[in-house]
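2 protein chains.
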Amino acid sequence: HHGHILDERLAVCRAALAAQLPAPLTSAELTWAGRIAWRNHARCIGRHYWRSLNVRDHRHLDSADQIAASLREHLEFAQADGNVRSVLTVYAPPDHPGGPAPRIWNHQLCSYAGYRHHDGTILGDPKTIALTDHARALGWEPPSTPGRFDLLPWIVSGRDGRPHLFPLPAGLVREVRLRHPQFAWFEQLGLRWYAVPVISDMSLHAAGTDYPAAPFNGWYMGTEIGARNLADTDRYNLLPVIAEKLALDQRNPRSLWKDRALLELNAAVLHSYESDGVKLVDHHTASAEFIKFCEREKTAGREVSARWDWIVPPMSPATTTVFHTPMAEFPTTPDFHAQPSAWASAGATAAEKS
Amino acid sequence: HHGHILDERLAVCRAALAAQLPAPLTSAELTWAGRIAWRNHARCIGRHYWRSLNVRDHRHLDSADQIAASLREHLEFAQADGNVRSVLTVYAPPDHPGGPAPRIWNHQLCSYAGYRHHDGTILGDPKTIALTDHARALGWEPPSTPGRFDLLPWIVSGRDGRPHLFPLPAGLVREVRLRHPQFAWFEQLGLRWYAVPVISDMSLHAAGTDYPAAPFNGWYMGTEIGARNLADTDRYNLLPVIAEKLALDQRNPRSLWKDRALLELNAAVLHSYESDGVKLVDHHTASAEFIKFCEREKTAGREVSARWDWIVPPMSPATTTVFHTPMAEFPTTPDFHAQPSAWASAGATAAEKS
Ligand code: HEM
Ligand code: HEM
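Residue numbers (our numbering), protein chains in the order written: chain A, 1 to 354; chain B, 1001 to 1354.
Chain A with its partners taken away, still in its complex shape:
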């Protein structure tokens, strides 16, 4: 029985070798490649759960339509009505290096539009301005009254490398309205965030092959939303708004108004996700779990590649154990990698063709 599987595999590998291509992974191998890529990734504090990654082998899909349907399934399966599951879906690599392949233009499957007005002001998420423009160029129409939290459609290319627009079915993306355990006024700010971060623009590198479309997700760590997305001055920049409501003195940084507003914003994030039954981890717990991960890896005889500046949380960092833990980054494989934006690659392809 095993001998038979081995024979088939050997035949596939020999054929690939003859064509000077890396041997394609089996689905079972791809599953473990995905898990190990997560385990290897130096910037991720959530790696304690690497064995539980659900990997979907969708390398057989061709068209943008098929891929968009597969992405909808990914998101629904990951959201799991709040009991968030870690998922990776892998689409086809290019037939030949540098050739066209499926690609997701969005940085994340869930994201909010960013509109730049003529007077230079920005409505929504400043991070998505370029993608929002691409969506409009492809025919997307923002709501008649654009808002701060308009979900962006997907832009997906199939094997042919040509981008298509996919508006999201109503109700697909789970969101959480933010309110504060003590302050009733907080809910009136009208803030919200989506339940699950599905990163969709990084490539998976495994066994000599780059998979440019390999969206993955875990659940959120609270500070990603409360100490970065909603707080950074070049994102939603909400600390002044919250400090105003808290009647803090914003003329003097020594009043710690930023620190206090940050604390209440993060308390609201943790409270709201918990109240809605959406899984999300606080930075103290995530830090403790990462330390456990490091210990287990040590027991298994493996070094952990880690970047201190990414692992240490952006809030009360010295109160977490990871702050006091020396770390070093080194190259690993399989791993996830940043890659040039899809529109840059598509532009290059278009330019080559013309």
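Derived by calculation from the structure, the hints in this document are not laboratory data. Keep in mind that a hint or two might mislead.
If the Cβ cut is set under 8 Å, some of the chain B residues that face chain A in the computed set are [claimed, not checked]:
| # | residue |
| --- | --- |
| 1 | 1005 |
| 2 | 1228 |
| 3 | 1231 |
| 4 | 1232 |
| 5 | 1240 |
| 6 | 1247 |
| 7 | 1251 |
| 8 | 1254 |
| 9 | 1282 |
| 10 | 1284 |
| 11 | 1318 |
| 12 | 1319 |
| 13 | 1322 |
Idealized CB from N, CA, C, for every residue including glycine.
Fit chain B with the ligands to the supplied structure of chain A, relying on the hints for placement.
Frame of chain A; chain B with the ligands shown alone:
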């Protein structure tokens, strides 16, 4: 006139060259070496003020007594009744590499004793346990009722390398009792900290010479006290005590009890130093000043060596500009360096002699 000074200097340099030693710096050169060492130091966020460093050339002092008297002057001049001045005092380098030279055994001129009890519990500052033991071995007697904030005596060696004990005159060290702008109970915790951090165990490297005794100080950044010294679990570990008073739920890290206690502790530090008229900078202002420093250095055509993990403050880091600024460390000279502890060196010297 200038020609005369030049002739003298040339003679000194030729003599040093003949003896295969680095040419000793003039006092004026030492002043600039000290300032540039500060400007160069990759871990320091306070470098905006590097030109204002007061440098005292005390290379002529021989005995531990003389050096202790000079250290008392350093501290008084630096404390300046609260209007803290940046000061560096440089003592003699060894006559020959590895030979004995003045040395200050204390990590800082102001510090609190740490007592390890037989049951393993620690009273005071766990960081100073070794130094506290050395002080006792040299004859220091703790107060009849040891406390959490007992000022440690100095251990100083002169040119002969032999350590001597110097109890501090009452009233020499300026301290600040900590109270909170809103919570009356805070003062009842009986917390205090000293006004000025004079780091006394690093060596200054300049023009080929190591100066093992070169104590320096600026003023404090609030988080050094409130987010590290009083908060770290292996230091005063006060967050549980403050959270208790704030009636926070310590069973669950998700209540953000550590973050909230940290915020109130740091508010107390900033408030108390300000009320007592003791200069201390908050982390937001220090971050903004460091960015200004980087811009000025760029204008001057110099690269800034900086360690992100040391520069970024240990509280609300992502709300400061330094968090979003890429940094790189590279070797510089002149600079300050860590060196083996004085007792390790003294031990080695003793062993060599026997
Ligand atoms: C299970 C819960 C998870 C948690 C709490 C978690 C947490 C985090 C956090 C806080 C970051 C830093 C994000 C930032 O600062 O922008 C991060 C980065 C990252 N994580 Fe995880 N993660 C989880 C699951 C996963 C999974 C399932 C994968 C892949 C299979 C993954 C791969 C990565 C990668 C590649 C990055 C770097 C992203 C980038 O460079 O922008 N993580 N993670
Ligand atoms: C004027 C106000 C100053 C401020 C606000 C300041 C701030 C800081 C801070 C926050 C650190 C990190 C400390 C830690 O995390 O343990 C640091 C480290 C350092 N600073 Fe400054 N500093 C100042 C003046 C100076 C001066 C005058 C010198 C030397 C002439 C200096 C040299 C250093 C060095 C060598 C370190 C590294 C210390 C170590 O490795 O433990 N600083 N500074």
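Each hint tested on the structure:
1. 1005: Result: violated, 47 Å to nearest chain A Cβ.
2. 1228: holds, 6 Å
3. 1231: holds, 7 Å
4. 1232: holds, 7 Å
5. 1240: violated, 11 Å
6. 1247: Given a least distance of 13 Å, the restraint on residue 1247 of chain B is violated.
7. 1251: violated, 12 Å
8. 1254: Given a least distance of 4 Å, the restraint on residue 1254 of chain B holds.
9. 1282: Check passed: Cβ of residue 1282 of chain B comes within 4 Å of chain A, closer than 8 Å.
10. 1284: It holds, given that the least Cβ distance between residue 1284 of chain B and chain A is near 3 Å, below 8 Å.
11. 1318: holds, 4 Å
12. 1319: holds, 4 Å
13. 1322: violated, 12 Å
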